[in-house]
Amino acid sequence: MFLIPDPVVRFFHRMASPPHFYAFTQRLMPWLVVIFLLLTAAGLYGGLYLAPADYQQGDSYRIIYIHVPSAWMSLFIYVVMAVAGAIGLVWRIKLAEIVAISSAPVGASFTFIALVTGSLWGKPMWGTWWVWDARLTSELILLFLYLGVIGLYGAIDDKRTASRAVAILALVGVVNIPIIHYSVEWWNTLHQGPTVTKMDKPSIHVTMLIPLLLMALSFKFYYLIAMLQRARTELLLRERNAQWVKAMILESK
Amino acid sequence: MQTQSIHSLEGSGLSCIRDDRVLFEELAFELVSGQVLLLEGKNGSGKTSLLRILCGFREPDAGEINWCGDAVNDSPFYAQMAYVGHLDGIKKELTVRENLKMSLALSSPGQYPIHEALAKVHMAGYDDVLAQALSAGQKRRLSLARLLITENVLWILDEPFTSLDKQGIALIETLMTEHCASGGMIVLTSHHDIDLPDVDVQRINLS
Amino acid sequence: MSLSHAFFAVIRRDLVLALRRRSEIANPLLFFILVITLFPLGIGAQPHLLQAIAPGIIWVSALLAAMLSLDSLFRSDFDDGSLEQILLSPHPTSVLVLAKIIAHWLVTGLPLLIVAPLLAVFLGMPNHSLGILLLTLLLGTPVLSLIGAIGVALTVGLRRGGMILSLLVLPLYVPVLIFAGNAVQMAGSGLPVDAQINILIAILLMALVLAPMPTAAALKMSIN
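Chains as they are written, first to last, in my numbering: chain D, 1 to 253; chain Y, 1 to 207; chain A, 1 to 224.
What the hints contain is simulated information worked out from the structure, not anything from laboratory work.
Just so it is clear, CB atoms sit at the ideal spot from N, CA and C, and this is done for glycine as well.
Watch out, some of these pointers could steer you wrong.
Straight-line C-alpha distance at most 27 angstroms; calculated DSS-like pairs for lysine-lysine [as the list claims (entries may be wrong)]:
#1 D:Lys220 with D:Lys94
#2 D:Lys159 with Y:Lys42
#3 Y:Lys166 with Y:Lys120
#4 Y:Lys139 with Y:Lys120
#5 A:Lys220 with Y:Lys139
#6 Y:Lys92 with Y:Lys139
#7 D:Lys246 with D:Lys94
#8 Y:Lys166 with A:Lys220
#9 A:Lys220 with D:Lys94
#10 Y:Lys120 with Y:Lys92
#11 Y:Lys166 with Y:Lys42
#12 D:Lys159 with A:Lys220
#13 Y:Lys139 with Y:Lys101
#14 Y:Lys139 with Y:Lys42
#15 Y:Lys92 with A:Lys220
#16 Y:Lys92 with Y:Lys166
#17 Y:Lys101 with Y:Lys120
#18 D:Lys123 with D:Lys246
Not close to chain A: a few residues of chain Y, all C-beta gaps over 12 angstroms, as computed [said to hold, decoys possible]:
#19 Gly34
#20 Gly63
#21 Tyr126
#22 Ala170
#23 Asp195
#24 Leu196
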């Protein structure tokens, strides 16, 4: 607490209290949705309409506006999950545990989307639905890691214990992901050689880049919305005996 | 080795919630050397949960436990306690002596050497018998022998009288009295009432 | 008693137990041999094809054998309460856990090395790659035990942890599979494999240092 400014500390302290979190996210939600819709509309308009067609791939490259941000999100969310899990593990903050487990299905969905769009993109490029390309293979293994987290959480009845298990697993995973990623990359160059085109390595024109960044940002907001909604539901479930939940239900009647 | 200094175990504000049910709330106790704490209550009232919280297997949902004034994790608590639980911790493929040697390796040598401890629990001569050949009562006494061979102050016993006959029960009561007389302390759960005339027994009823 | 005394006492105890139970050693080994015999039956006895995929077959089978043997690592200790006693020891749990993993590897991982030459002959692997196969098994199987220990510690309290265990553990085995399988393949074609071996050594050292801690934490979680 030495380096963090006081108002930030106070903000997180208040956020860690479930009723405050619930009320705050309720007020936040409409704003998040509006920002998400604006960003998505702008990103799609820029990507599908304004940006020129690729001189080699024609219009089929436009799937990157979904594929690339999804792939970014898949990794980003795993890291968020591990960090939140670690915070929950060390400081025993319930909300961090809930954020960690609420992130998992959203992350898994993004990973799945990245895989499907990658394979759709592969069809015109490589002529088959699936090639053992380094990125796709890494994404597939990442999907397994996500499914492991979700499966483990579901298998343990006591949800506080399950949260700790998930946190440990996510931390182990986050240490392993770079190693897995590197090994798959290495394996790929060895077996297939450099014939496979890198997906987003060639320098990209600015009219293509801006919509891509907009979409990346919009996906971040989507993640926030989906994760917070899950977290709120999970919070209500876990705190169903708490006074503030009872009071809220009575009020709404 | 029983040190003569006074030890203390304190719990404050302890609560335990299991599957939406509050087992206990705001529970507090203080135990010092020479005392016994007996936890009473119906099945499912949280006796075992409390013992497991004391052992550190479970986190209390609120409250804290101190050993000699310090939080359990910042104190030599684990070097000074011994636990005999519902599971006896005996490997059936190992002999009686091998089982005890293992307990000794995990801890520090205590008051009695292995053969004396076995004699005290009426199991002299069983050294080289495989634990799978023992009866339930003998296994129970073997796990109690573990308390005698390792260094400890606090005994945590979950239903120590199960599967013991009258003599066995009397035996444990003697051992408990001796332990308290030499400065030890005991937390236990029991369905039976215990008969310890010379010991200061505190009771907590959890139902 | 000192920590090193406790460390070796745990290893000795687990080895004695394995000797008295026997099947614990035999089962993963038989599984390993059996799976490898299934491949020629499934693919057809074509020497060239088998020779080409032999490193992969042997390593995938080793992975599966290692995974199947994992359950015995903490199962009996969990069931009879010995695990509680280990966790209550004043010694650091991660060190005691490391002792258990080492004993487990000696019992289930090391025997794979002994039968591997036989299986290499079955699959028609060239003789000069045999040394590298043994070396990769020597470096790789301990990693499988170390990483697997985390998964099994997370699931030991579950009634049906088996399926979920494979989901947790197999993706984490990927790097070992890639580097070890590739090293054997390259050695078969007479290429240098120093890089792969060095990486395997690095992975082994990392696993030795990093795996026992989460395993200990997971056991504490499972016991409650």
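- prompt: Between Lys166 of chain Y and Lys42 of chain Y, is the straight-line Cα distance small enough, at 27 angstroms or below?
  reply: holds, 23 angstroms
message: Tell me if the straight-line CA distance from Lys246 of chain D to Lys94 of chain D falls inside 27 angstroms.
response: This hinted pair holds, its Cα atoms lying about 19 angstroms apart.
Agreement of Lys159 of chain D and Lys42 of chain Y with the hint, judged by alpha carbon distance not exceeding 27 angstroms: Judged against 27 angstroms, a Cα distance of about 26 angstroms means the pair holds.
Beyond 12 angstroms from every chain A Cβ - status for Tyr126 of chain Y: Given that every Cβ of chain A is farther than 12 angstroms from that of Tyr126 of chain Y, nearest at about 18 angstroms, it holds.
message: Can you confirm whether the C-alpha distance between Lys139 of chain Y and Lys42 of chain Y stays at or below 27 angstroms?
response: holds, 26 angstroms
Pair hint outcome, Lys159 of chain D versus Lys220 of chain A [Cα-Cα no greater than 27 angstroms]: Holds, at about 15 angstroms.
query: Taking only the CA atoms, is the gap from Lys92 of chain Y to Lys220 of chain A under or equal to 27 angstroms?
result: holds, 23 angstroms
field: Restraint check for Lys166 of chain Y with Lys220 of chain A, where alpha carbons must lie at most 27 angstroms apart
entry: The given pair, whose Cα atoms are some 36 angstroms apart, is violated under the 27 angstroms limit.
task: Grab the minimum beta-carbon distance between Asp195 of chain Y and chain A and tell me whether it stays above 12 angstroms.
output: At roughly 27 angstroms from the nearest Cβ of chain A, Asp195 of chain Y sits farther out than 12 angstroms, so the non-interface label holds.
query: Are the Cα atoms of Lys123 of chain D and Lys246 of chain D separated by 27 angstroms or less?
result: violated, 54 angstroms
message: Holds or violated: Lys139 of chain Y and Lys101 of chain Y, Cα atoms, limit 27 angstroms.
response: holds, 15 angstroms
query: Given the hint that Lys220 of chain A pairs with Lys139 of chain Y, does the C-alpha gap stay at or below 27 angstroms?
result: Distance ~25 angstroms between Lys220 of chain A and Lys139 of chain Y Cα, so the pair holds.
Checked against the numbered hints listed earlier, the structure breaks hints 8, 18; every other hint is satisfied.
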